[in-house]
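**Q** Here is how the chains run, residue by residue.
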Amino acid sequence: MVRAALASACAAAAVPLAAPLVVSPAAAQEPPPPRRETQNLFGITGLIDTPSARVQPDGQLSFTAGYFGGFLRNTLSFQVLPRIEGAFRYSMLNKFFSPNLDLFDRSFDIKILLSDETKNFPAIAVGLQDFLGTGIYSGEYVVATKQIRPDLTLTGGFGWGRLAGTGNLRNPLTFFSDGFEDRDTVRLQTGTVRFGQFFRGPDMGVFGGLEWRPNFLPGVSVKAEYSPFDYSIDAGFGDFEQEIPFNFGIDWQATDLISVGAYAMYGTTFGVRATISTNPGVDIAPQDLGPGPLPLRPRPPVEQGPPPGLGPVVERIGPAPAPGSDLALSTLELEAATEGARWAIAQLPPGASDGTCPEGTALDIDAQLGVIDGVTFRDATGAPICSVVLRPAGQRYVETKRLRRGGYDTAWFSDPAQHERVTERVRAALRADRLDMVSFSLEPQRVRLEIANPTYNAPPQAIGRAAVSLANALPPSVEDLEITLVEQTLPVVTVILRRARLEAVAETPDEERDSWLGAQVVDTPPRPGSPLPEFTGYPRYSWFITPALPISLFDPDAPLRADPSIRAGARLELARGASVSGSVIKSLFGQFDDIDRPSDSTLPHVRSDYRFYLQEGDPGVERLTADYLFKMAPDVYGRVSAGMLERMFGGVSGEILWKSVDRDWGLGAELNYVRQRDYDMLAGFRDYDVITGHGSFYWDTGWNDMELQIDAGRYLAGDYGATFTLSRRFSNGWEIGGFFTLTDVPFDEYGEGSFDKGLFLTIPLRWGLPFETRERVPITIRPLTRDGGARLEVFNRLYPIVREADRTDLQKDWGNFWR
Amino acid sequence: MTGSLVPRALRAALLAAGVGGLAACSGGSGSGSDAGAAVLGQVGGLVGSEVGGLFGDEPEGPPPTMTREQIRGVGAAMITASIDDSPDAFFVALARNGPRVTYVTPTRQSITLDGMAMASTHGMGVDLAGYRSDREVDPLITQRPLRDWPARITRIYRYHDALGGMFTRSFDCDLRWLGTEPVEIYELDFELVQVEEVCRSPYRSMTNRYWVEEETGFVWKSRQFLSPERGSLDLKVLVAFSQ
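Quick note, the sequences are listed as chains A and B, same order.
Taken in order, the first sequence gives residues 1 to 819; the numbers are from my numbering.
Taken in order, the second sequence gives residues 1 to 243; the numbers are from my numbering.
To be clear, the hints were calculated from the coordinates, so they are not data collected in a lab.
Treat the hints with caution; some may be incorrect.
Not everything, but these chain A residues come out facing chain B in the computed CB check (under 10 Å) [stated by the list, open to error]:
{"no.": "1", "residue": "Ala458"}
{"no.": "2", "residue": "Ala506"}
{"no.": "3", "residue": "Arg513"}
{"no.": "4", "residue": "Phe760"}
{"no.": "5", "residue": "Gly815"}
All residues carry an ideal CB built from backbone N, CA and C; glycine is no exception.
Chain A with its partners taken away, still in its complex shape (with noise of 0.2 Å):
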């Protein structure tokens, strides 16, 4: 307890100035809070009906209802990258078609930030909405935006199509080519990127306004704005009219999560808004309770002269100026054989050496030689008189020297009943630490661990538990740790890890990028006798039975309808990859009995057809498989499986997967016979088959976590062309993306949507949970379910399994290596 005499009283001494103070930090300095930015209606950043020249924070996930004159917009917008947002809208139109006749519209915007705002230069941004759709909300803008008070922000833009409005300007563009002066009114056909209409149209609008944000209300912003847009094509058949162009309104951003707005609208009505935004690059969640690792214990040290051949070594890693040597040398040369390390070996001539080291010459030799992890030097008889250890691989290499030198005693090594103590304890370590022990062997200086993770969310943080677990629970002598990471049966990732060098970097404080720095990431090597099975330790099996969801969008007479039920399935494990599994779904209320729509595809039912699946299909088997995942080299993997493979379709399947941990991309084939299943989901089909297949490039482009995937080849419907996906996925498993399908199948063909397209997400539940779990919730959103491009559902595919697990994943991820 402090005593507020005391304090007083000594209140005014200082003790002596310290000395200056150099410290330099690994990692970057916490960021400012980014300024919250609030959407405007139609779920775009932006004032109350117009857009702004603002985005929201990179990565940020935003849902928006926004409601006024008989116009719903619910809004899944993403700031895609810190330049570009992007949003896909699913709006409802009262009495747009008649007094009793709704629009249910879908469509897609983008904003693409041009320039940053300076101190003397606005934002600038360009924007397409609707671009993606039928084009009722279709328009482009140019718009600016300038905070001219810390309070105070000014927004200006022009736009065109909609935000043309009733036509403020001619637009300028019909002045180059008579060509801009046309533009298509709205068709409510297509479902094509409107390419031909960007910026054309007889007019062009302004619109803008000011944000307030006073700063004795934090959270709240005031807005005022001039909107261009006429409403009288959307009012349709009912009551909604503008008499002035001026909207005005309030927005509170309520929480970290949620904010709210209302307005007051062209001078007629009043518009609500209300918005749920998180950013997966931020946790929701304490991550750190529950039980933490055990500290790493350190061996008690032997006594270790220099490593053989090598002599004293000297570290000089770092930045460092070559201070120049003329030292001149009898031979220079790169050692072979030095287990990845450029290793130099430099021989002095006669009476050159007077037993000090060179260090400086070392460097020297670094520029001549482009870059060399270390030097020794040797004197005239090829004695070493020292090494010079210039970057960190040189230490591992140093540190391999010195292993082979021993040490530590092996003789437990003969001991068989050591061995069972050592297993036991490493197996009980793991599995307080939640980790299953697949298999384990111990050599006297070596171990080689298989684990599976059915706990941590992070990879990294699997290895570095089991690591810490081995490093203290194995014999001394044991220095090389191995740990191979087993997703669904496959060996996925090795990590060889010196166990000298994780004592030596434990609990300092750049110990994740020293652990990093002396792990060896390699593609693990197929089994002996693989890819035959092996049924050591088998069989084995499990069950669940879990809650389910099952949600049907975008049918006009219900456009979400949600059917609560219950899943159980069971997996039995035969051998090593070989497993019969499958899952059984029970609607609880049967919520999808009154879907009606009948398909008015003219090709096979594939997928269009799905309303009988689920009416029929209660209770239904959603799968059931026998599979067989094996490899077949050390980076190429593969897959078989038959029977029930999805809810419509069911049939033998087979892959292959090329990825080595060392590349970003990979190479995928998979080829299918599969039959249509009848809608009662149970062992019978109906008379549709057909061969389909995929050759599949995966590439992680290294570029803001996105990723590329393109799908060629012939689809269910017996169509043939590619999907391409394009998706940001984050290292804490959240990923969200988009995938478009182009087939032979003409746009007219294929019927209202004109191609098959989509977005994804994937929430991983440790996001959102104080506790770790592996489970994700995966969400596609398609427009429309239609037969064309449509692809078989594979539970199983390869790409999925082992794509967390090589080395760039590993890299973002390790962080979490001592957690």
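Given chain A, work out where chain B should sit, using these hints.
**A** For chain B alone, coordinates are given in the frame of chain A:
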């Protein structure tokens, strides 16, 4: 700033882990041997495994505690920590890595101290992942008489971000003495000088406090910054670590 992040019942449910995973322990002192598991188990037995760490359920009776005799009986370096006025949790020294000593509870929460500077934590909700300062200047790391303490120091704290990376918060801290006061730590009485350290980063501020033995500069008790989400930890040294 120091509000509870999740309901207590949920937090308590997360503390299911025991010490079964403890095995060979070497190096360090205190419990620096295979006795590590036994020592932790002993402490867990004394204070009750359910409340052996921070964030345990509110006990129905008085909070579990240890007498000085029991503490001596453990035979290892020990500290206590509390957060948000919670009862003291007992941490036993289990590993030493260079100058840093890691103290662990029976429920596998841990605190690593570099000297008396809190260098990292585990199991605190939002953990401190690392700590850096100028070792020569930092009196928490390089112990010295109070008269030789600096007036200003930079402390850099490292944290996990949500995407597997790390970021730092760098604070410039001004130290001042607040005066001498009696401090009792589990039946031991001290006359210690309280030093207040007001720290500022570009976006935050926080205050550390140390209760220091004037002649030796040893910090017997402290309140040290953990994270903005969790606030500060109150630490007391029950048995000082010795080489």
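**Q** Next, verify each hint and record whether it holds.
**A** Quick rundown of the hints versus the structure:
1. Ala458: Status holds, d = 6 Å.
2. Ala506: Hint on alanine 506(A): holds, closest Cβ of chain B at ~5 Å, below 10 Å.
3. Arg513: holds (8 Å)
4. Phe760: Phenylalanine 760(A) check fails; min Cβ-Cβ to chain B is 20 Å, beyond 10 Å.
5. Gly815: holds (5 Å)
Hint violations for this structure: number 4 only, all remaining hints satisfied.
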